[in-house]
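Novice: Protein chains in written order, with numbering that gives the first Met the number 0: chain H, 0 to 245; chain L, 0 to 245; chain A, 0 to 245; chain Z, 0 to 245; chain R, 0 to 245; chain Y, 0 to 245.
No lab work stands behind these hints: they were computed from the structure.
Please read these numbers as outputs of a predicted model, since none were measured by experiment.
Short derived list, chain Z residues pointing at chain A, Cβ under 8 Å:
id: 1; residue: Asn-22
id: 2; residue: Trp-24
id: 3; residue: Ala-25
id: 4; residue: Asn-35
id: 5; residue: Glu-63
id: 6; residue: Gly-65
id: 7; residue: Leu-67
id: 8; residue: Asp-116
C-beta: ideal position from N, C-alpha, C; glycine also.
6 protein chains.
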Amino acid sequence: MGLRQDGRSNDAIRPVDFQLGFNAWAEGSCLISVGNTRVLVTATVEDKVPPFVRGSGQGWVSAEYGMLPRATHERTMREAARGRQQGRTIEIQRLIGRSLRAILNLKALGEKSILLDCDVIQADGGTRTAAITAGFMALTQALTKIHKTSAFTTKPLKDWMAAISVGLHGDEVYLDLNYHEDSQIGVDMNVVMTSKHQLIEIQGTAEHGLFSRTQLDLLLDFVEPAIDELIALEKSVLPEGALLIG
Amino acid sequence: MGLRQDGRSNDAIRPVDFQLGFNAWAEGSCLISVGNTRVLVTATVEDKVPPFVRGSGQGWVSAEYGMLPRATHERTMREAARGRQQGRTIEIQRLIGRSLRAILNLKALGEKSILLDCDVIQADGGTRTAAITAGFMALTQALTKIHKTSAFTTKPLKDWMAAISVGLHGDEVYLDLNYHEDSQIGVDMNVVMTSKHQLIEIQGTAEHGLFSRTQLDLLLDFVEPAIDELIALEKSVLPEGALLIG
Amino acid sequence: MGLRQDGRSNDAIRPVDFQLGFNAWAEGSCLISVGNTRVLVTATVEDKVPPFVRGSGQGWVSAEYGMLPRATHERTMREAARGRQQGRTIEIQRLIGRSLRAILNLKALGEKSILLDCDVIQADGGTRTAAITAGFMALTQALTKIHKTSAFTTKPLKDWMAAISVGLHGDEVYLDLNYHEDSQIGVDMNVVMTSKHQLIEIQGTAEHGLFSRTQLDLLLDFVEPAIDELIALEKSVLPEGALLIG
Amino acid sequence: MGLRQDGRSNDAIRPVDFQLGFNAWAEGSCLISVGNTRVLVTATVEDKVPPFVRGSGQGWVSAEYGMLPRATHERTMREAARGRQQGRTIEIQRLIGRSLRAILNLKALGEKSILLDCDVIQADGGTRTAAITAGFMALTQALTKIHKTSAFTTKPLKDWMAAISVGLHGDEVYLDLNYHEDSQIGVDMNVVMTSKHQLIEIQGTAEHGLFSRTQLDLLLDFVEPAIDELIALEKSVLPEGALLIG
Amino acid sequence: MGLRQDGRSNDAIRPVDFQLGFNAWAEGSCLISVGNTRVLVTATVEDKVPPFVRGSGQGWVSAEYGMLPRATHERTMREAARGRQQGRTIEIQRLIGRSLRAILNLKALGEKSILLDCDVIQADGGTRTAAITAGFMALTQALTKIHKTSAFTTKPLKDWMAAISVGLHGDEVYLDLNYHEDSQIGVDMNVVMTSKHQLIEIQGTAEHGLFSRTQLDLLLDFVEPAIDELIALEKSVLPEGALLIG
Amino acid sequence: MGLRQDGRSNDAIRPVDFQLGFNAWAEGSCLISVGNTRVLVTATVEDKVPPFVRGSGQGWVSAEYGMLPRATHERTMREAARGRQQGRTIEIQRLIGRSLRAILNLKALGEKSILLDCDVIQADGGTRTAAITAGFMALTQALTKIHKTSAFTTKPLKDWMAAISVGLHGDEVYLDLNYHEDSQIGVDMNVVMTSKHQLIEIQGTAEHGLFSRTQLDLLLDFVEPAIDELIALEKSVLPEGALLIG
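Input sequences plus hints: build the corresponding full structure.
Specialist: Pasting the structure below:
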């Protein structure tokens, strides 16, 4: 029996759904479902920036990531009870923050900061790429809200963007890995990309098996159409985002 | 203008909704909405008990409580980032655990433990009573699941139960306080009660104003019909719970 | 053999003793003995208040609670060594602080804060109610001291107050539970009450057994004379407290 | 005006008092007063030893040291609230443990451990030496108790012992420094010594001023009679300790 | 003036030096210098594995990373004093561990674990890639030592490997970035690669600027000769490593 | 076979080497080797002082001490991973700070602080005395650097100084204990002393055995020539230090 057991073709992503404005209090919010993976992202806007950018005229975006204890098949211990965040958590929230700062024109934002809280309600692989994609939606919704009360003079977003995972199992490429697939695979890669197929972040890891530059190319060939598909969905749900991109 | 601004009468509770089985992996789960308050409770069953009950032939129930950072109007710092749980969190999760242990026949459960994770998705007052009520639902669903594979010989639940808040503002009583009301009120009380109007827990606090025993009685008069209403809803959503009660 | 093994009648409290001014440096202090339970409370006055009341013209009272490691039969680990306070500690110190803020006219105090350190030297049940009662004494002594150098224009205390525990074992009520009794009992309740029998805080818990509203009334009938007895003792030890009550 | 303001001669120690058995639950306990300094030490006996001595046939003694927050003129933050013990605390508890292990025949004790909890109720200089002296009393009381149920075949204590501080201010020596003196002095030294004037621990520190070997000798000349005086008091309060020394 | 101020051509790496066996006690150790960057890596071999691989017949490699406080121009706070490791530290040590597990045949190692401690003595950019390269040397030395006492039946290493950074500044590519360059650059990438130019890990990040797939290719063209150069040096210093590769 | 197995006579110290300026970024630095013990000390100068000396016109010196995990034969857990510094670490860094403040004229330094980071690269006994000696070198180098840009009007150092350990095994005295010797010995003592043989700090501990005042004298007789030898070496490596002493 093959790696992929849910009937998808190797180059198919799982069903994706966005619930924009899921949270009533936040400036921006989006609950994303990618198959059984569900992540809620809220965007909080603050009129201050961290010390290291203060006075630069620039804004800032950062992210925090968490999992509800029973987001996983086996319950995982609550990090607040444990008293510290785990390495995986910290690595992921740094990736999300970096990716969304890269798509933003920080000068255009001005000395504001936007904090993205990414909480995994249910996990089935691909939570970090889901969080980045939903983070872009929540961020764009928050920017739209800012724009209504004090219009941006420069467009704050560089382009539409989305993120997806892809893996290599033997010589076969699989797009959008679920938990079962992710735990079997030799090489996995997360890619954050714009609508013009510019790279924002690429993280390829070979825990079980090495990969050639030719295979790297092949993996990226699978990624591009998935990014197109995700961005098309983003545009259908939040068309006003286009006004902020330039 | 009065304390209650949403058009409810003093003795009315907000609209309540249960989404049973909201989480695909947990043995029991319930997303409760009480007005704008939304709490997700999952029940995790384990075949072991904490050291202090080991060997007693009894089971155990405990609870953990958390808030997503943007569950509140103003974002609150993530407890995992802070490195410790706050006093309020700990006080609440102890209350939830105690209340649900009281409704259970721990001997009938046998040496199993059930951990209730109560996570506030959106907060607008009454999160602890909402968590207790939804906790009862998730617990009952998990017990029903256990019952299917190994039937209980003694009924594990003593009765149906629910929880609600009530307050005193001057001489007026208000049922089911939302955040705005709770922050204005002089005396507030949380009551956990069975369908037979037996008390499980009563916590009355007078931060701003004292209250007489006559007023205590009046507060409880408001509570009883609300408990009836909540339990009727529980029965409509999870009628098979009745099989476990005796 | 009955629950009560020390020869007391069900409605009798244990011998109580106050050593006012036990600590030479603190603005107020009281070592309370209730049978074998001994708690030292010191009051520290500061000319500043926490951020959330700053600028309101009001004062604040908070409490911290600790146990010496060998206050108990079995040594318990030092919380400072453990690196965090336990849930029970936090729950208790929040209760003490709330109760003493309720008896105080915070406006009359002005922007000062009083911190009550409650340290259990020896424990035999009822440490939280002993701490509240002794806390009232230490607080009153500190207020008397403030009054000498800058007289209050409004009386800062609303009334005398004290706290006591009471429990239900089967159908019998027992007042002022010691450790042995507390560990056997089905329903236990802590009550904080004024000399006029107004309630400040009522916390009733049914870990093993439920209780009716009739029983709740009966429990409170036992509490009232005990509060009278404690307050009579307070008045004999610190008569000048009466000057601050109005 | 001189350094010493309480009328004592330079070579006089403050009034010392021992309250043996102050704690009702502990195997050994002693509340020591040295002037205004008051330290409660309890000894807890356990039938197990730390991993690094396990299997060696030897026992172990360790100490923990704490201060109640208002033991000092200015309140100090509770270490449990701070989440970690301070450097000074750790340095002191290591000194106390080392000193009491040195007076003990660890082989004679067998694989038991004794934990000394030293809690400062009120501080006015010399808390660490007071803790060592009271620690010896609590330890001896605990050993006496062990001896009654299973008699030692080898004497577990090498000698009587006590500890005292001494300081150098300019060219003058001052014995048993109180807080005021300690904060003024250039060189201070803590000495732990047996009845035969053998040294167990000597810690001399020159924060403000250096000291010669001749001055070191002079400081020790002041210490010896103070040790004699303290040990005489120990013998009067706990004469049965002599049975354990050999 | 250009980005590169030290006279190197864009495709030149800084002078590299290995001091193998720098630590007298460790099973393997290597002090690497890359320009002013100096990292000491020690390898500790243990005859046990973490719980999640126990019983699998496989070994494990993990890494810890730290910086001496004054490794940097401005002193950074000691993480042990701070009480937790920072996000950057955790991200780096996870990268190092993953990369070295990927080059290893974990089955061939058997149920042993090797812990690589990577401590930065002096930092000037590229500490993570220096740690991976030196980590390979320390690991290989430790494996050689194991091989002497109990010869491997299967070769434990898949290939020689090394790591290097590369960046994009406008349209120009720069190899092996020092601290000054790294802080100016728009896109930076860390690559871990074998002697056969197989990829182990690729992490490309666009904090300031996006990059195309063509540019990704160009960056990798710069990396390959640098990897060759580093591996040639590895072979000259530790030729016996070749015996373990297959 | 005797305690000393490396051929040294009882009164000989191990070979000592100073590498001054080992760190390229710090204001002062010294890598000391004493036999197999290697400690790197860096001095960081800051134009501010801790709160408790602020406004006094005085400077401050403090120290932090750490060990690389594999500085020891058996790897020790990284304190940053453990989340807290151990008791031994804190005790040692307090000793180093005190000793170096004592040799300094804090008024002459003015409101500057110097932080000494003492990191043990390899340990074989005597790390705390090595750190003090190397700390004096790094401190003096940093003072020399300050002196070049703003000359001291009062000499900031009182004298040359060094530190050494000495022990008593039975009746024999051994100077400069290595790890093997230190773990066998009954009484050990660390002494910090000036070139004029004034004492700065003396810490004598009898974990296994007691010692008389006559033996204390004998131990100090061994220490003096070792201090002379160390200071002679200091003068040869950093002769310009003499300009700052008076």
